[in-house]
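Listed here are the chains, written in short residue letters.
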Amino acid sequence: MNQKLFFTTNILILTTIAFVSIISDIGAKNYTYKQVNASDPWARATSKLAKTGAVYIKNIHNKGKNAVKITGFSANIAKKVQLHNTVVKNEVAKMQHIEFLEIGPNKSVQFNPGGLHIMLMGLKRPLEKNSHFPLIIKFEKLGNLEIMVDIKNIGWSQKKPSNYKHVHH
Amino acid sequence: MKKIIYSILIILVFSALSFGVFFISDHYAQKWQSNKLFKAKLYDVNGKTWSIKSLKDKLGIIYFGYTFCPDACPTALNNLTIALEKIDSKKLQFEPIFISVDPNRDKPKIIKDYLSSFDTIILGLTGTDRDLKSFTFNIGATYSLSREDPEDENYLVNHTVGFFMITSKGASLPIPYRNNPEDLARAIEQIKSIQMSNSKFKKISSIF
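Chains as they are written, first to last, in the working numbering: chain A, 1 to 169; chain B, 1001 to 1208.
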């Protein structure tokens, strides 16, 4: 009898764990490393012959007391990975290559379409929707944060975070 | 008394003349500009030459970009797809057009592949650098290569970010830059009404 009770409790615990993990999978994806947190990284699916792609991150938050500095990115899927910012000046779009990005204490940055994005150059294979790939964010002193980038259908759009702010460089 | 009548007559003749000169010069200036737009040879993804005449009664919505562009171009074309789905779901009024200003890398096959990933049919065009320069200049757009090393195949292209609305007669208007489908749909509707009243005005001015 006792054994049966033990068994049902076990099953109950297991289903709860499974249920919680499914729920968290639907909700925001968070990657935390030391004092930094990156949420919901995504990329648009590309066509078969595409050579480039762009990665967006809903929010990178620095919850520490000191500023952190992003010094680069790397991903196996592309030959070159660079931080870019699309700047519109006099109705002309220009892409700026950004070498370093500093995030102050308790500050965040957002990577949104038409603004900051991580450019993948020389894609080794096209970005297929509903799949994902790893990307490394390199922080000065702190080290590397590995995140999983979800590839979304081209029509998918990221909802703006409630505390949406423009970043100045 | 005669003096007053004479001066009124002179004023009337003068204003009629200046109106005439305005209409005629405006008419010819626009004709000259649209002639240039007709002359620029662009071709589609199947290699067929394309002219704005083939728009017929539709209004072309042109975006100048390049397939290597990972952020601005797919974002804009995706916004356009969603905007047109809202205001022209039956695809009767507008013809979305993507003109690649990077003919060096964007061969028809690549443009075709690139546009296949969008949820609507977008007409893909390109041309020689000379024809593209003439076409963009006469429509009021611009583009330039951002290439420090001539050997670098990963170069970027700076280009006009907004759309242009064009008729088969060659009348074009810029659509102000909007970075979301809702505002873009509104801007398209506004420019369409200006385009419509302009063409009515042109019918009247063609009498002169």
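Don't read these hints as lab results, they were simulated from the structure.
Please note: incorrect hints may appear among the correct ones.
[Said to hold, decoys possible] Restraint ranges, calculated between C-beta atoms of paired labels, are given here:
(1) Lys1169(B) / Lys89(A): 45 to 53 Å
(2) Val87(A) / Trp1032(B): 58 to 66 Å
(3) Lys1169(B) / Lys69(A): 32 to 40 Å
(4) Lys1169(B) / Val87(A): 29 to 37 Å
[What the hints assert, rightly or not] According to the in silico footprint, chain A covers these stretches of chain B (three or more CB under 8 Å from chain A):
(5) 1015-1026
(6) 1078-1088
(7) 1129-1139
(8) 1158-1167
As the structure is a prediction and not an experimental result, all values here were calculated from the model.
From the three backbone atoms N, C-alpha and C, an ideal C-beta is built for every residue, glycine too.
Hints versus structure:
Checking the proposed 45 to 53 Å range against Lys1169(B) and Lys89(A) shows it is violated: the Cβ atoms sit about 32 Å from each other. Checked against the given bound of 58 to 66 Å, the beta carbons of Val87(A) and Trp1032(B), roughly 34 Å apart, lie outside it. A hinted range of 32 to 40 Å is violated for the C-beta pair Lys1169(B) and Lys69(A), which are about 55 Å apart. Distance hint check for Lys1169(B) and Val87(A): the Cβ-Cβ separation is about 35 Å, which falls inside the suggested range of 29 to 37 Å.
Residues of the stretch 1015-1026 of chain B lying with their CB closer than 8 Å to a CB of chain A number 0, which falls below the three-residue condition for coverage. Here the stretch 1078-1088 of chain B counts 3 residues with a CB under 8 Å from a CB of chain A, which clears the bar of 3, and the coverage holds. With 0 residues having a Cβ less than 8 Å from any Cβ of chain A, the stretch 1129-1139 of chain B misses the three-residue criterion, and the hint is violated. Coverage of the stretch 1158-1167 of chain B by chain A holds in this model, with 5 residues showing a Cβ closer than 8 Å to a Cβ of that chain against a need of three.
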